[in-house]
Each structure stands twice: as structure tokens, then as C-alpha cells.
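J.: Residue numbers (my numbering), protein chains in the order written: chain A, 1 to 194; chain B, 1 to 194.
Please keep in mind that the hints were generated in silico from the structure rather than gathered at the bench.
It is possible that part of the hints are untrue.
As a list, the in silico SDA-like pairs of lysine to any residue whose alpha-carbon atoms are at most 20 angstroms apart [unchecked claim]:
no.: 1; chain 1: B; residue 1: Lys-103; chain 2: B; residue 2: Glu-77
no.: 2; chain 1: A; residue 1: Lys-13; chain 2: B; residue 2: Ser-109
no.: 3; chain 1: A; residue 1: Lys-13; chain 2: B; residue 2: Glu-161
no.: 4; chain 1: A; residue 1: Lys-25; chain 2: A; residue 2: Val-67
no.: 5; chain 1: A; residue 1: Lys-13; chain 2: B; residue 2: Glu-147
no.: 6; chain 1: A; residue 1: Lys-13; chain 2: B; residue 2: Trp-108
no.: 7; chain 1: B; residue 1: Lys-13; chain 2: A; residue 2: Lys-13
The primary structure of each chain is shown beneath.
Number of protein chains: 2
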Amino acid sequence: MADKPGSYPDSAKAGRLIRFHGGDKGGQWRAQESRTVTGLGLAPVTFLQIDESPPPERCHWTLSAFVSNLRYTTADEREALLERQEGLGRPESHCAVLIPIRKSSDWWSMAQDERRAIYERSNHTPIGLAYLPAIARQLHHCRDLGEPFDFLTWFEFAESETDRFRALLAELRSTEEWTYVERECEIWLTKNIP
Amino acid sequence: MADKPGSYPDSAKAGRLIRFHGGDKGGQWRAQESRTVTGLGLAPVTFLQIDESPPPERCHWTLSAFVSNLRYTTADEREALLERQEGLGRPESHCAVLIPIRKSSDWWSMAQDERRAIYERSNHTPIGLAYLPAIARQLHHCRDLGEPFDFLTWFEFAESETDRFRALLAELRSTEEWTYVERECEIWLTKNIP
């Protein structure tokens, strides 16, 4: 039920494009604030709709992406994550933040072991793990689609966890990995309950 | 010049879809034989056209994919490959083979280190390296697009290297990695010189 307030499509999986539409008309999520962290911003919007459809009416932008296989996570890391994480769509998760990111060509021209080494030195997995299960997240890839961003990360949490979410962002952004981020935005949302 | 006999689009890079159209009308390549190695086959065709366009007239199938960043290759492996490999489009490369492959869900559900370990035990890079520069290749990804295959590999070589190319295929197919391949076809081509 993609149209349920505060929902995320059940159908998201490899081989299915998922689309985030930012507009002035209803969606499952109501936008509270748009922030530009690095590089070019995105037009501010009032609502966010998430589905597999082409852009709806009165849409300012549509970002398309896909859920994919694990690119850096090891089996041990996955086990640790699965042990602690909870799914999207928890009733108390009234807040969501969509964070589109684009990394530099220096990042992408590195071989797999070079990128993994930076990911590891940056404590990417341990940082995320420390905020589980409070901060749930889903990564989407879009660089290979020719989109303006490389990743769209979707975060969900209870309103009481907002400060912890800000701390998570601050930790990630202080890492070596983030020196390769050349564009980053935040779209803060709450469930669009009529 | 995508329409030059025996050519491959110059524009192929991350974020650009490249399309392989199999049909009964002209393309840069003339099909000599279609073989089904594992699983479902593909309709036999007479010509292959490669470009970024929607399917042309009299097209039996179109396979879309993208060139992406390295997924398993380490910096050392990349250096060894770059030292030996030559590009696509060599004048003597009259032969090409398109090999679409689909791997099983068991493969895709593994973490990055588990897949890399199998790739390594299977000598994936050393096997390819041993056939350079004679057999040039370009990997394309398509699983994330919801395509019927996960990869399309494009090989080019001189006619005199045909037996060596068959030996390369036999080596790869005898590996542990190939036990995860559940669909594989071969489309053998030669430059379509009018």
C-alpha cells in the first residue's frame, strides 16, 4: 500500500525501480524542511510520494533508484546488522529523512579493495550499527541510471530519536569516506496523516 | 560512430544505458550462430545493432545494460589487466561474441566477501588475464534494471583466435563461480561489412 500515510513500497527489490517524487500535492510523507549539505540543492517541496510510477502532477523532481545486492558489507557485518535492525514502517516511526548523495569521480575510479578500505577505516558499518534499531534505513543505488545522485538513503525513526539521528549524520560526515561526497541534501519528512 | 561495421558505441560509460538489439535487419554486426549454454535460449537473429536507442524495426529482442565501476577487481588486479589489455574496435577484431548470463538467487544473496572469495577461488581474473590482449572484453551490468540477464559480456578477437576464445570459455565454465550461472547464451558475430 504505497499510498498509506508514512509508507514505503513493499515491492522494492533488485530489478524494480523505486521513485521518490517531490511535489506540492499529496504523498505518503509531508516535507518539513529541505537542507543542502554540500553542492547543489534540490527545489524545496511540500510532499513526498514514493512509488514505481512516472512523475505525478505538480511534481518538482523525481529521483529514481533501485535496491541492490550488498556492495561492501561482509557476511559478519551482515549478521551483526540483521541481529539488531528492525524494518521500515514501524508505527512509531513518524519521522523520515531522504538523503541523496553523489560521490566524486575519484571515489568511483578506485578499485573495489581501495573503496572497501576507506569504507572500513571510516567505520561505516559500526557507526550505523550503533544507532540500530532506533534508526532504520534502506539504501538505494542510482549512479548507473545516469541520475544526478549516486545513492538515496531512506531513514525512519521515532520523533524522540531526532537528536540521535543528527548525531549519526555528524559521525558519518566526519569520516574519510565523506571527503568523497560532492553533493548531499536532506529532506526531512513526517507521516502525512490527513 | 555506432553504425560503422563492427563498432561499439564510444559513449558507453556509467550512467548511460547501452542496448543490444537482435533483429533481421542491418546492424554493425552479422550473427553467425546463437547457442544456448544453460537455461532458456534467445530467439535466433541475423543482425546485432548496438546503440543507446529504443528498439529499431524488425527487432526480436533488446537487452539493455550499463558499464559500471569495478565490483570485485582489486587495485593490483586492475594494474595487471591494464598492462596487458587492448581496447575494443581493433581493425583485426572481425569476430565478436555477446554472452548474456544470469546468476542464481543464491549468488546474489551472498555478502560481498563471500562472492569475492568464490570469484578468487575460481581464478576469474587470472583466467581472463591469460587471454589478453588477444581476447578483448567489456562487461555490462543489467540485473538492477529488471532485465532477464544479470550481465552481458562483449568479447572481440581476430578470427585466428577463435580456438583460444573457446578455451577461455571452457576454463571459466569449469569454475566454482559458474555453478551459480543459471542462464547463459552465446551470440557469435562477425563485422557486418557491406
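J.: Decide, hint by hint, whether the structure agrees.
T.: Cross-check of the supplied hints:
1. B:Lys-103 - B:Glu-77: Between Lys-103 of chain B and Glu-77 of chain B the Cα gap is close to 23 angstroms, so the pair fails against 20 angstroms, i.e. violated.
2. A:Lys-13 - B:Ser-109: holds, 12 angstroms
3. A:Lys-13 - B:Glu-161: violated, 41 angstroms
4. A:Lys-25 - A:Val-67: violated, 26 angstroms
5. A:Lys-13 - B:Glu-147: This hinted pair holds, its Cα atoms lying about 13 angstroms apart.
6. A:Lys-13 - B:Trp-108: holds, 12 angstroms
7. B:Lys-13 - A:Lys-13: Distance ~24 angstroms between Lys-13 of chain B and Lys-13 of chain A Cα, so the pair is violated.
When each numbered hint is compared with the structure, violations occur for hints 1, 3, 4, 7.
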